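Read off the chains here:
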Amino acid sequence: MHELSIAEAVLELARKHVPAGAALRSVSIRAGRMRAIDEPAMELAWRAVTDNAPEGAVKLEMQFSPWKLQCPSCGRLFDADDYPADCACGQRGAMPVGTDELQLLSIDVD
Amino acid sequence: MKVQVVENVLRANDELAAINRADFERAGVFVVDLIGAPGSGKTALIEATLKAMPGVRIGVIAGDLATQRDADRMAKFTNHVVQINTGKTCHLEASHVRQAMSGLALGAIDLLFIENVGNLICPVGFDLGQHCKVGVFNACGGDDKAAKHPYIVRESSAIVLTQIDLLPHVNFRQQVFMDDVKALNGSAPVFPLSPTTGDGLEAWLKWLESAGLGARQARGRQM
Numbered sequence: 001m002h003e004l005s006i007a008e009a010v011l012e013l014a015r016k017h018v019p020a021g022a023a024l025r026s027v028s029i030r031a032g033r034m035r036a037i038d039e040p041a042m043e044l045a046w047r048a049v050t051d052n053a054p055e056g057a058v059k060l061e062m063q064f065s066p067w068k069l070q071c072p073s074c075g076r077l078f079d080a081d082d083y084p085a086d087c088a089c090g091q092r093g094a095m096p097v098g099t100d101e102l103q104l105l106s107i108d109v110d
Numbered sequence: 001m002k003v004q005v006v007e008n009v010l011r012a013n014d015e016l017a018a019i020n021r022a023d024f025e026r027a028g029v030f031v032v033d034l035i036g037a038p039g040s041g042k043t044a045l046i047e048a049t050l051k052a053m054p055g056v057r058i059g060v061i062a063g064d065l066a067t068q069r070d071a072d073r074m075a076k077f078t079n080h081v082v083q084i085n086t087g088k089t090c091h092l093e094a095s096h097v098r099q100a101m102s103g104l105a106l107g108a109i110d111l112l113f114i115e116n117v118g119n120l121i122c123p124v125g126f127d128l129g130q131h132c133k134v135g136v137f138n139a140c141g142g143d144d145k146a147a148k149h150p151y152i153v154r155e156s157s158a159i160v161l162t163q164i165d166l167l168p169h170v171n172f173r174q175q176v177f178m179d180d181v182k183a184l185n186g187s188a189p190v191f192p193l194s195p196t197t198g199d200g201l202e203a204w205l206k207w208l209e210s211a212g213l214g215a216r217q218a219r220g221r222q223m
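Residue numbers (this note's numbering), protein chains in the order written: chain L, 1 to 110; chain E, 1 to 223.
Hints are computed from structural coordinates only; laboratory data are not their basis. One or more of the hints may lead you astray.
In silico negatives: residues of chain E with every beta carbon more than 12 Å from chain L [what the hints assert, rightly or not]:
no., residue
1, Ala22
2, Ala44
3, Val56
4, Pro168
5, Arg173
6, Pro189
7, Gly198
8, Asp199
9, Gly200
Which chain E residues face chain L? A few, computed with CB under 8 Å, are given here [what the hints assert, rightly or not]:
no., residue
10, Met1
11, Val3
12, Gln4
13, Glu7
14, Asn8
15, Val9
16, Leu10
17, Ala12
18, Asn13
19, Cys90
20, His91
21, Gly125
22, Pro150
In silico DSSO-like links for lysine-lysine, alpha-carbon gap of 27 Å or less [claimed, not checked]:
no., chain 1, residue 1, chain 2, residue 2
23, E, Lys182, L, Lys68
24, E, Lys148, L, Lys68
25, E, Lys2, L, Lys59
Bear in mind that the values here come from a model prediction, so they are computed numbers and not experimental data. Using N, Cα and C, we set each Cβ at its ideal position, and we do this for glycine too.
Using the sequences and the accompanying hints, generate a full structural model.
Here it is as structure tokens:
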């Protein structure tokens, strides 16, 4: 379950950006679909790494970039929430060409 | 108060991976990260490569949740083996490889295989400091696995299909598999082979030479 390693990495990175004297309250991440991050698993992992953390409860906000698919027939690139997905031209089995980003977008502090 | 960050979550891992890579480069070692499901034949592939390349100094970092069994298998063919047991972690990270490197004499190795934990998903996104990733699929695993796991196929410099000696006994449509790989990654060659019989192994060995092993060996001879 790579969500646990990712949650640990998010918390470690977030802590580096907390200004002196401030307290971390929430983090916002964005993940590309190719990363295969399961949202419930990520929430569970986040609770596991922040439970008993000195910060107390820290909220996790997640955004997921849509799949970027390319049609093998007409070559069209399009976004899709699911993979596999069919192209508007009728061709089945458009293949993913992205996305795999994994970013800490922002943190909220008091 | 919101603080904008917009940074790669795995920055710390990637920075350590870059240090690993620099050390590998300095030592002239070509490093391949083998990623495949449990039972896909990663260990068998490395064993077959070790036997077929007796003139090449090959090292192995074997990653598993538990046991030394993979390291024990490969220790029959090379002294340069380190087993990493991750416990619960389903993938290797740069820190695991860094730890393993301290147990290897990099100056005595030409080619280093990192046998990742058996898993087609989680290991893909973690840079270990390797020069290339190779996705390992197997004939008994189903011809749809490339399509179902697009990330590893897209990230791989090459794809190996093992257990081709078992093709007459399983419902594996090789053309479906090859077409899926090509649609996802047109530049990754596919090597259908059998570590058991040796069929197809030659092309894999030649690719290792051309992908980076040959150049590093040549540089080593000049120094």
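Original post:
What hints, given by number in increasing order, does this structure fail?
Top reply: none
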